[in-house]
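Peer 1: Next come the chains, spelled out residue by residue.
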Amino acid sequence: MLEINNVSYKTQEKQILKDITMKFLPGSRYAVIGTNGAGKSTIGYIIMGLDGYKPTFGKVILDGKDITNLTITERAKLGITLMWQEPARFDGMTVENYLTLGGKLPLQKSELMEALEFVGLEPNIYMKRFVDKTLSGGERKRIELASIILIKPKYAVLDEPDSGIDLMSLDIINDVVNYIARYGGTPIIITHREEMAYNTDYGYLICSGSILLHGKIDDVIKAFRSSCEVCTHPNIPTPEELK
Amino acid sequence: MDVRKEFETIVKTAEKLGTDASKFMDKRIASIIISGDRVIGLNNVPGVNLNHKQIEHGVEVNMEITEGVEVPFPIHVCTGYIEKKGYQRIIFNIRIKKGAKVKFTAHCVFPQAEEFTHDATSNVVVEEGAIMEYNDEHYHSEFGTISLKTITNAVVEKNGVYKNTFHLTKTRVGKMNIVMNLDLREGAVGELVSKVKASKDDSVNINEIIHLNGERARGLAKTVVVGLDESKVNVLNEAYGNAPYSRAHISCEEITKGENVIVSTTPVLKISNDLAELTHEASIGRVSQKQLETLMAKGLTDEEATELIIKGLLL
Numbered sequence: 044m045l046e047i048n049n050v051s052y053k054t055q056e057k058q059i060l061k062d063i064t065m066k067f068l069p070g071s072r073y074a075v076i077g078t079n080g081a082g083k084s085t086i087g088y089i090i091m092g093l094d095g096y097k098p099t100f101g102k103v104i105l106d107g108k109d110i111t112n113l114t115i116t117e118r119a120k121l122g123i124t125l126m127w128q129e130p131a132r133f134d135g136m137t138v139e140n141y142l143t144l145g146g147k148l149p150l151q152k153s154e155l156m157e158a159l160e161f162v163g164l165e166p167n168i169y170m171k172r173f174v175d176k177t178l179s180g181g182e183r184k185r186i187e188l189a190s191i192i193l194i195k196p197k198y199a200v201l202d203e204p205d206s207g208i209d210l211m212s213l214d215i216i217n218d219v220v221n222y223i224a225r226y227g228g229t230p231i232i233i234t235h236r237e238e239m240a241y242n243t244d245y246g247y248l249i250c251s252g253s254i255l256l257h258g259k260i261d262d263v264i265k266a267f268r269s270s271c272e273v274c275t276h277p278n279i280p281t282p283e284e285l286k
Numbered sequence: 009m010d011v012r013k014e015f016e017t018i019v020k021t022a023e024k025l026g027t028d029a030s031k032f033m034d035k036r037i038a039s040i041i042i043s044g045d046r047v048i049g050l051n052n053v054p055g056v057n058l059n060h061k062q063i064e065h066g067v068e069v070n071m072e073i074t075e076g077v078e079v080p081f082p083i084h085v086c087t088g089y090i091e092k093k094g095y096q097r098i099i100f101n102i103r104i105k106k107g108a109k110v111k112f113t114a115h116c117v118f119p120q121a122e123e124f125t126h127d128a129t130s131n132v133v134v135e136e137g138a139i140m141e142y143n144d145e146h147y148h149s150e151f152g153t154i155s156l157k158t159i160t161n162a163v164v165e166k167n168g169v170y171k172n173t174f175h176l177t178k179t180r181v182g183k184m185n186i187v188m189n190l191d192l193r194e195g196a197v198g199e200l201v202s203k204v205k206a207s208k209d210d211s212v213n214i215n216e217i218i219h220l221n222g223e224r225a226r227g228l229a230k231t232v233v234v235g236l237d238e239s240k241v242n243v244l245n246e247a248y249g250n251a252p253y254s255r256a257h258i259s260c261e262e263i264t265k266g267e268n269v270i271v272s273t274t275p276v277l278k279i280s281n282d283l284a285e286l287t288h289e290a291s292i293g294r295v296s297q298k299q300l301e302t303l304m305a306k307g308l309t310d311e312e313a314t315e316l317i318i319k320g321l322l323l
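Read top to bottom, the protein sequences are chains A and B. Sequential numbering of the first sequence, starting at 44, is according to the working numbering. Sequential numbering of the second sequence, starting at 9, is according to the working numbering.
Just chain A, same shape as in the assembly (with noise of 0.2 Å):
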């Protein structure tokens, strides 16, 4: 299990975390679901430790090991993975050579095509094309989906994995989601669409850095359909919604 235990976060301007407590169970789909500026991505960065972005008190917690001071790396080699909202590009470097690290995994090619034709990419033509520029948003974003699916990771965070990507790429991702699931691990969703919450099981809902509430995904989003799509305050909770 993946736990954030009363972790608070902030920068030299703003308290972007207060006090939040997560767990995450293997095999279960979670989203964490807010507005813009609520501070999902910094959970999704703190849970994969990215430099400047150790909380300034609580712990993250992996199978009861305080992993808190732990590397990128040495997180990712426990089976923690992030896509990011706006994946990296690469030059000079091929889809091929980035799905298996430059030969560091040891994967068959027809693995790796597998995994391209899974996220609706013809494997003959994205191979050998470069991870740079010339990708669009939508296709960067399904290299990564195989990305993940060829790593297996036990928790992957998935940062907005739907910006900037068509409808009929939904689809897809959900059924990365469901695959990621299937084989007993972890996807967690971060999300201020409610149509990305629905493929999974558990919620949060974050307003403010707070968890406003958390328990089955039917429940978080009629909470956040009903306070946070028509809030007129965003990201200041009243005191009655943070109770």
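The hints are simulated quantities; they were obtained by calculation from the structure and are not laboratory data. Careful, some of the hints might be misleading.
Claimed, not checked - Derived DSS-like pairs (lysine-lysine); straight-line CA-CA distance at most 30 Å:
1. B/298 / A/53
2. A/176 / B/171
3. B/265 / A/97
4. A/265 / B/298
5. B/109 / A/171
6. A/171 / B/157
7. B/230 / A/171
8. A/171 / B/171
9. B/298 / A/57
10. B/298 / A/147
11. B/265 / A/120
12. A/195 / B/109
13. A/120 / B/298
14. A/152 / B/24
15. A/171 / B/298
16. B/208 / A/147
17. A/61 / B/298
18. B/319 / A/176
19. B/208 / A/97
20. A/176 / B/298
21. B/178 / B/111
22. B/203 / A/171
23. B/298 / A/102
24. A/147 / B/24
25. B/230 / A/176
26. B/178 / A/176
27. A/171 / B/178
28. A/57 / A/102
29. A/147 / B/166
30. A/171 / B/208
31. B/319 / A/120
32. A/152 / B/298
Said to hold, decoys possible - Cβ-Cβ distance ranges computed for the label pairs, FRET-style:
33. A/154 / B/209: 40 to 48 Å
34. A/226 / B/24: 55 to 63 Å
35. B/209 / A/104: 43 to 51 Å
36. B/311 / A/225: 29 to 37 Å
37. B/24 / A/225: 45 to 53 Å
38. B/178 / A/117: 26 to 34 Å
39. A/117 / B/290: 33 to 41 Å
In this text the structure is predicted, and so the values were computed from the model without any measurement. All residues carry an ideal CB built from backbone N, CA and C; glycine is no exception.
Since chain A is already given, all that's left is putting chain B on it; use the hints.
Peer 2: Quick look at chain B alone, frame taken from chain A:
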């Protein structure tokens, strides 16, 4: 060392750069192999005229492509030096006649050199409507004591195309001074791309210059240098817009890794015709943090991720 052994040593080293050695034996492919101050292999094909003469410490080669000829296979040019010490002077006079089309695959291999200077001058003329591509890759010894001085002066006449790539990414550099000077006439296109990896106490000086002297001439000068350890890198890329509707872009990307690296880049843009358009982009710094973290989130270490990113940049 006899000629056969010299040939084998040079060709084997060229193979390390990915060249197919059988190309040097293929009679359909024009080629020239220079070792020290001698030509030890030469093959001409129809439409290609390679001839040479010995000069003090080196060789002068004249290469001419007949008007209108499209050379079907790249011409292989291999320049080697297999002694440990010495000086080599190479002069290439290249003329691509009107409407001709040709590619060159060039390798400079100095696998054992310790105290050695390679001094090369290329004088290139691409005539009207001709197309020339010259891909040059270097393989130096690991002593870091080679001194490389190359000057390329290319004139590209009306609607001609000239593309030059220079790669020194697989071995130590030593001391390197390269100057590439392009004179682009009406409608001509010129592209200069240099990729270099400097390590330890290597010293790199690159100067790419584009003169847009003809209407609608277009030029690109792109440099990618990775500076590691305590290497020193200095890039000066210049573009001069002297004709209407001419355009050029200069780009310099320098990636650093090492506390004692000294890297500088200077773009110079100058217009003497107000209808010309020049742009530049330059960056110096460590590998992008987001790129690093992306690969680390898949399990690579900082070092492994850096190496993979750099490998791509220098491709």
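Peer 1: Taking 30 Å as the top limit, are the C-alpha atoms of residue 230 of chain B and residue 176 of chain A close enough?
Peer 2: Distance of about 17 Å is within 30 Å: holds.
Peer 1: Take the C-alpha atoms of residue 298 of chain B and residue 53 of chain A, compute the straight-line distance between them, and say whether it is at most 30 Å.
Peer 2: With a Cα-Cα distance of about 21 Å, the restraint between residue 298 of chain B and residue 53 of chain A holds, given a limit of 30 Å.
Peer 1: Do residue 226 of chain A and residue 24 of chain B keep their Cβ atoms within the hinted range of 55 to 63 Å?
Peer 2: violated, 43 Å
Peer 1: Going straight from one Cα to the other, do residue 178 of chain B and residue 111 of chain B come out at no more than 30 Å?
Peer 2: This hinted pair holds, its Cα atoms lying about 22 Å apart.
Peer 1: Keeping to a limit of 30 Å between CA atoms, is the pair of residue 109 of chain B and residue 171 of chain A held or broken?
Peer 2: Holds. Residue 109 of chain B to residue 171 of chain A sits at ~27 Å (cutoff 30 Å).
Peer 1: With the threshold set at 30 Å, check whether the alpha-carbon distance from residue 298 of chain B to residue 102 of chain A stays at or below it.
Peer 2: Measuring from Cα to Cα gives roughly 24 Å; hence the hint holds.
Peer 1: Straight-line Cα separation of residue 171 of chain A and residue 171 of chain B no greater than 30 Å?
Peer 2: Measuring from Cα to Cα gives roughly 23 Å; hence the hint holds.
Peer 1: Holds or violated: residue 152 of chain A and residue 298 of chain B, Cα atoms, limit 30 Å.
Peer 2: holds, 27 Å
Peer 1: Tell me if the beta carbons of residue 209 of chain B and residue 104 of chain A are separated by a distance inside 43 to 51 Å.
Peer 2: holds, 47 Å
Peer 1: Would the hint linking residue 208 of chain B and residue 147 of chain A be met if the CA-CA limit is 30 Å?
Peer 2: holds, 26 Å
Peer 1: When you check the alpha-carbon spacing of residue 319 of chain B and residue 176 of chain A, does it fall within 30 Å?
Peer 2: The hint holds at about 17 Å.
Peer 1: Would you mind confirming whether the straight-line C-alpha gap from residue 195 of chain A to residue 109 of chain B stays at or under 30 Å?
Peer 2: Roughly 50 Å between the alpha carbons, so the hint for residue 195 of chain A and residue 109 of chain B is violated.
Violated hints, listed in ascending order, are 4, 6, 12, 19, 29, 30, 34; each of the other numbered hints is respected by the structure.
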